[in-house]
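Participant: Between the sequences and the hints, there should be enough to build the whole structure, so can you do that?
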Amino acid sequence: MALSIFLVSIATFCLGATGLMVRRNILASIMCIELMFNSVGVLFVLFSKIHGTLDGQVAVLFMMVVAAAEAAIGLALVVAFFRTHASLDTMKANKLRN
Amino acid sequence: MPNVKLPFDNLAMFSVDPLHSVSPYLLTAVLSVMLISAMATVFSSSSIASALYLVVHLLGVACLFALLGAHFLALAQVIVYAGAIMVLFLFVVMLLNSKLEPSGSRWFSIVFGGLSVVLFLLIISSKRSYFISKSQTDYVDVFGSASAIGRLLFNEYTFIFEILSLVLLIGLTGATALARKHRQDSLVNNNSKDK
Numbered sequence: 051m052a053l054s055i056f057l058v059s060i061a062t063f064c065l066g067a068t069g070l071m072v073r074r075n076i077l078a079s080i081m082c083i084e085l086m087f088n089s090v091g092v093l094f095v096l097f098s099k100i101h102g103t104l105d106g107q108v109a110v111l112f113m114m115v116v117a118a119a120e121a122a123i124g125l126a127l128v129v130a131f132f133r134t135h136a137s138l139d140t141m142k143a144n145k146l147r148n
Numbered sequence: 237m238p239n240v241k242l243p244f245d246n247l248a249m250f251s252v253d254p255l256h257s258v259s260p261y262l263l264t265a266v267l268s269v270m271l272i273s274a275m276a277t278v279f280s281s282s283s284i285a286s287a288l289y290l291v292v293h294l295l296g297v298a299c300l301f302a303l304l305g306a307h308f309l310a311l312a313q314v315i316v317y318a319g320a321i322m323v324l325f326l327f328v329v330m331l332l333n334s335k336l337e338p339s340g341s342r343w344f345s346i347v348f349g350g351l352s353v354v355l356f357l358l359i360i361s362s363k364r365s366y367f368i369s370k371s372q373t374d375y376v377d378v379f380g381s382a383s384a385i386g387r388l389l390f391n392e393y394t395f396i397f398e399i400l401s402l403v404l405l406i407g408l409t410g411a412t413a414l415a416r417k418h419r420q421d422s423l424v425n426n427n428s429k430d431k
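Same order as they appear, the protein sequences are chains A and B.
Remember, my numbering sits 50 above the position in the first sequence when you count from 1.
Remember, my numbering sits 236 above the position in the second sequence when you count from 1.
Calculated from the structure, these hints are not laboratory results.
Glycine included, each C-beta is placed from N, C-alpha and C at the ideal position.
Incorrect hints may appear among the rest.
Stated by the list, open to error - Partner residues aside, some chain A positions facing chain B, computed with beta carbon under 8 Å:
#1 ALA61
#2 MET71
#3 ALA78
#4 CYS82
#5 ASN88
#6 VAL90
#7 VAL92
#8 LEU93
#9 VAL108
#10 PHE112
#11 LEU125
#12 ALA136
Claimed, not checked - Calculated from the model, a selection of chain B residues having no Cβ within reach of chain A, i.e. all distances over 12 Å:
#13 SER273
#14 VAL328
#15 VAL347
#16 GLY349
Unchecked claim - Which stretches of chain B does chain A cover? Using the computed rule of at least three CB atoms under 8 Å from a CB of chain A, they are:
#17 305-317
#18 353-360
Facilitator: As structure tokens, then:
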């Protein structure tokens, strides 16, 4: 039973990583990062339950704070990106290429 | 079973199952909801559908936290993640996605809205003791409760807690600075004529 939670968490992380590389919408990329954050949080809580200590749950609490700050900065970056490129396509971000 | 052979030695800890009190049907339902909504988040084409499926995924993660005994984290997950962060996401999606295609049929949303309203009325009109048993309310200081986590947080992790307040402050300042219009122009020449 614990193994199934472990596997689902790994699968969710891989799904998030895949979406981060596949999706071209920059908002969807940030959502995939949130997906990966959450899968790691599930692992923290699962191992906190397995080992019987609370440190993993405190780590998930810290992770929520970091994810909130990350979401705020990421969405501000998305707004700035939309202002300069007038689009949400990540393929448009090629100003440093040439 | 200490001598069971698994492909990796580290996986041997799964042979002793600490989750014997969790109903396997409930766990299967929660895990399948999490997987399906994660796949829908990644592979749905419109970003607003992605955000809504991500809300479903985060609620599934909150249910999993509650099943694993992390009751305070389940509440924080619903309030912080599915509440605050996803509302922020939906704000930005609706702010920036100007081309939202009109949906063809409304019966889908009507059926699901009606179902959720019926479920909500059932929950608030049912007996309270069905959801919160008496034995659970008696123990306030159990594993994963707010007081146990708070005691650990303010005894052993006080320094990290204070550092995280700085992280939040820097995040707030950085988001404000990034979202301002023409920040370098306004610093260099205040009377720029073009916007």
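Participant: Look at each hint and say if it fits the structure.
Facilitator: Here is what the structure says about each hint:
1. Of the supplied interface hints, the one on ALA61/A holds, with its beta-carbon coming within about 6 Å of a beta-carbon of chain B, less than 8 Å.
2. Hint status for MET71/A: violated, given a least beta-carbon distance of 10 Å to chain B, over 8 Å.
3. Given hint, ALA78/A at the interface with chain B, holds; its Cβ is 5 Å from that chain's nearest Cβ, closer than 8 Å.
4. Taking 8 Å as the C-beta cut-off, the interface hint given for CYS82/A holds, the closest approach to chain B being about 6 Å.
5. Interface hint at ASN88/A: satisfied, since its Cβ lies 5 Å from the closest Cβ of chain B, which is below the 8 Å cut-off.
6. Evaluation of the VAL90/A hint against chain B yields a violated restraint, the C-beta minimum of about 11 Å exceeding 8 Å.
7. Given hint, VAL92/A at the interface with chain B, holds; its Cβ is 6 Å from that chain's nearest Cβ, closer than 8 Å.
8. Annotation: interface hint on LEU93/A violated; nearest CB of chain B at approximately 11 Å, more than 8 Å.
9. A hinted interface residue such as VAL108/A counts as satisfied when its beta carbon comes closer than 8 Å to some beta carbon of chain B; here the least separation is about 6 Å, so the hint holds.
10. The beta carbon of PHE112/A comes within 6 Å of a beta carbon in chain B, closer than 8 Å, and the hint placing it at the interface holds.
11. The beta carbon of LEU125/A is positioned within 8 Å of a beta carbon in chain B (closest approach about 5 Å), and the interface hint is therefore held.
12. Contact between ALA136/A and chain B, as hinted, is not supported at the beta carbon level, the nearest pair being about 10 Å apart and thus beyond 8 Å.
13. With a least beta-carbon separation of about 10 Å from chain A, SER273/B fails to lie farther than 12 Å from that chain, contradicting its non-interface assignment.
14. In this structure VAL328/B is not separated from chain A by more than 12 Å, as the shortest Cβ-Cβ distance comes to only about 5 Å.
15. Separation of VAL347/B from chain A is adequate, the least Cβ-Cβ distance of about 26 Å exceeding the 12 Å criterion.
16. Non-interface call for GLY349/B relative to chain A: holds, since the shortest CB-CB distance, roughly 23 Å, exceeds 12 Å.
17. Counting residues of the region 305-317 of chain B whose CB lies closer than 8 Å to any CB of chain A gives 8, which reaches the minimum of 3, so the coverage claim holds.
18. With 0 residues bearing a CB less than 8 Å from a CB of chain A, the region 353-360 of chain B misses the requirement of three and the coverage assertion fails.
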